[in-house]
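Protein chains: 2
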Amino acid sequence: MGRWEPDAAGRLREAAMALYAERGYDGTTVAEIADRAGVTARTFFRHFADKREVLFAGSELLQEHMVAALAAAPSDATPMTAMTTAVLASADFFDDIRREYSRRRAAVITSTPELRERELIKMATLTTALTEGLLARGVPPDIAALAAETGVAVFRVAFERWINAPDDVPIIDVLQTTLKNLAGLT
Amino acid sequence: MGRWEPDAAGRLREAAMALYAERGYDGTTVAEIADRAGVTARTFFRHFADKREVLFAGSELLQEHMVAALAAAPSDATPMTAMTTAVLASADFFDDIRREYSRRRAAVITSTPELRERELIKMATLTTALTEGLLARGVPPDIAALAAETGVAVFRVAFERWINAPDDVPIIDVLQTTLKNLAGLT
Chain X
1 MGRWEPDAAG RLREAAMALY AERGYDGTTV AEIADRAGVT ARTFFRHFAD KREVLFAGSE
61 LLQEHMVAAL AAAPSDATPM TAMTTAVLAS ADFFDDIRRE YSRRRAAVIT STPELREREL
121 IKMATLTTAL TEGLLARGVP PDIAALAAET GVAVFRVAFE RWINAPDDVP IIDVLQTTLK
181 NLAGLT
Chain F
1 MGRWEPDAAG RLREAAMALY AERGYDGTTV AEIADRAGVT ARTFFRHFAD KREVLFAGSE
61 LLQEHMVAAL AAAPSDATPM TAMTTAVLAS ADFFDDIRRE YSRRRAAVIT STPELREREL
121 IKMATLTTAL TEGLLARGVP PDIAALAAET GVAVFRVAFE RWINAPDDVP IIDVLQTTLK
181 NLAGLT
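Protein chains in written order, with the UniProt record's numbering: chain X, 1 to 186; chain F, 1 to 186.
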């Protein structure tokens, strides 16, 4: 304790997820999460603001990554092509190891209204960040907002489908199918 | 007081909106809203569960109306055509008189995190209801979720644009432009 903990954040995340599944989110304390992970509460708070943020710290990284991909798209790309680059970049985050974690995380979130709200806020924040990214590319405001909303809609639908898909289906395939479905819809 | 009040709900809504603008949402009580509207608190509670619901009671009516329009679309309509019917039906709710109310409502919601969250929840509930409506039409789950998310995205972007548009632009025009923009994007 007190010394440097290799991957303490990863162990805290695992411990939190196990406890949320066993006792429910509301019935779990930070002290119990730290204890299960074999670290002190102080170490917990070095990594996460509270027990909710254990579940949402990844959302900010995902957002930064998608916004960076959007900014890196060729300057002559159409708004939707640039948005597609950002949507497909989300696949870097969700490999097969992450799928099982994502499934358990989704189960906890679905069963807790406070967390469902938090997830909606994170998605709204992602939409705003992508809208701003499109505006920075010179896309007109109405088109930027629509392309960002549509891109996040594709991500949400694909992500939900992926966590319910068989284990050998990579998220990139589901994202591409969903983008194709969108083109077919409109 | 105590007797039947013609359009008490409308007056309560107006009173609430005026007070939220003057004192802020958090600084306003149900008693003050009832007093300003010239009714008793008991009358308030006959119409609204709490001061938040004054702002959101309309969301349920909008949802019912859009879901009914979706169900009434011709049975051979494509998922997106049916969804478009539902999206355009929202225009029945937002005439020119409603615009000023909608603008003031949006200002209150934007300035209060609790209300922003509530609005996100209402939009997520609308998306779920429209997804279910598409499923009932025999649309496959992945397509239903995507079409519903996309339809709600169009509604949100158009609504936001409409409340910021000049007074002579009807919402139906903005909805149609936004649907055209969507088709152009993808």
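FYI, nobody ran anything at the bench for these hints, they're computed from the structure.
Be aware that one or more of the hints could be misleading.
Derived DSSO-like pairs (lysine-lysine); straight-line CA-CA distance at most 27 Å [as the list claims (entries may be wrong)]:
{"#": "1", "chain 1": "F", "residue 1": "Lys-180", "chain 2": "X", "residue 2": "Lys-180"}
{"#": "2", "chain 1": "X", "residue 1": "Lys-51", "chain 2": "F", "residue 2": "Lys-122"}
{"#": "3", "chain 1": "F", "residue 1": "Lys-51", "chain 2": "X", "residue 2": "Lys-180"}
{"#": "4", "chain 1": "F", "residue 1": "Lys-51", "chain 2": "X", "residue 2": "Lys-122"}
{"#": "5", "chain 1": "X", "residue 1": "Lys-180", "chain 2": "X", "residue 2": "Lys-122"}
{"#": "6", "chain 1": "X", "residue 1": "Lys-51", "chain 2": "X", "residue 2": "Lys-122"}
Which residues of chain F face chain X? A few of them, derived with a C-beta cut under 8 Å, are [unchecked claim]:
{"#": "7", "residue": "Val-67"}
{"#": "8", "residue": "Ala-68"}
{"#": "9", "residue": "Ala-147"}
{"#": "10", "residue": "Glu-149"}
{"#": "11", "residue": "Ile-172"}
{"#": "12", "residue": "Thr-178"}
{"#": "13", "residue": "Asn-181"}
{"#": "14", "residue": "Leu-182"}
{"#": "15", "residue": "Thr-186"}
The structure displayed is predicted, hence computed values, not measured ones.
For each residue, glycine too, the CB sits at the ideal point set by N, CA and C.
Against the structure, the hints:
Straight-line distance between C-alpha atoms of Lys-180 (chain F) and Lys-180 (chain X) comes to about 18 Å, which keeps the hinted pair within the 27 Å bound. With a CA separation close to 26 Å, the supplied pair Lys-51 (chain X) and Lys-122 (chain F) stays within the 27 Å bound. Between Lys-51 (chain F) and Lys-180 (chain X) the CA atoms are separated by roughly 44 Å; this puts the pair beyond 27 Å, and the hint is violated. Restraint check for Lys-51 (chain F) and Lys-122 (chain X): satisfied, since their Cα atoms lie roughly 26 Å apart, inside the 27 Å limit.
Between Lys-180 (chain X) and Lys-122 (chain X), the direct Cα distance comes to roughly 25 Å. Compliance with the 27 Å bound is thereby established for this hinted pair. For the hint linking Lys-51 (chain X) to Lys-122 (chain X), the alpha-carbon distance of about 16 Å falls within 27 Å, and the restraint holds. With 8 Å as the threshold, the beta carbon of Val-67 (chain F) stays out of range of chain X, its nearest partner Cβ sitting at about 19 Å, so the hint is violated. Annotation: interface hint on Ala-68 (chain F) violated; nearest CB of chain X at approximately 22 Å, more than 8 Å.
The beta carbon of Ala-147 (chain F) is positioned within 8 Å of a beta carbon in chain X (closest approach about 6 Å), and the interface hint is therefore held. Of the supplied interface hints, the one on Glu-149 (chain F) holds, with its beta-carbon coming within about 4 Å of a beta-carbon of chain X, less than 8 Å. Against a cut-off of 8 Å between C-beta atoms, the interface hint on Ile-172 (chain F) is violated, since the closest Cβ of chain X lies about 16 Å away. Annotation: Thr-178 (chain F) was flagged as interfacial toward chain X, and the flag holds, the nearest CB pair being 6 Å apart, inside 8 Å.
Below 8 Å, beta-carbon pairs count as interface contacts, and Asn-181 (chain F) has one with chain X at about 6 Å; its hint therefore holds. For Leu-182 (chain F), the interface hint holds, the least distance from its beta-carbon to any beta-carbon of chain X being 6 Å, beneath 8 Å. Contact between Thr-186 (chain F) and chain X, as hinted, is supported at the beta carbon level, the nearest pair being about 5 Å apart and thus within 8 Å.
Checked against the numbered hints above, the structure breaks hints 3, 7, 8 and 11 and satisfies the rest.
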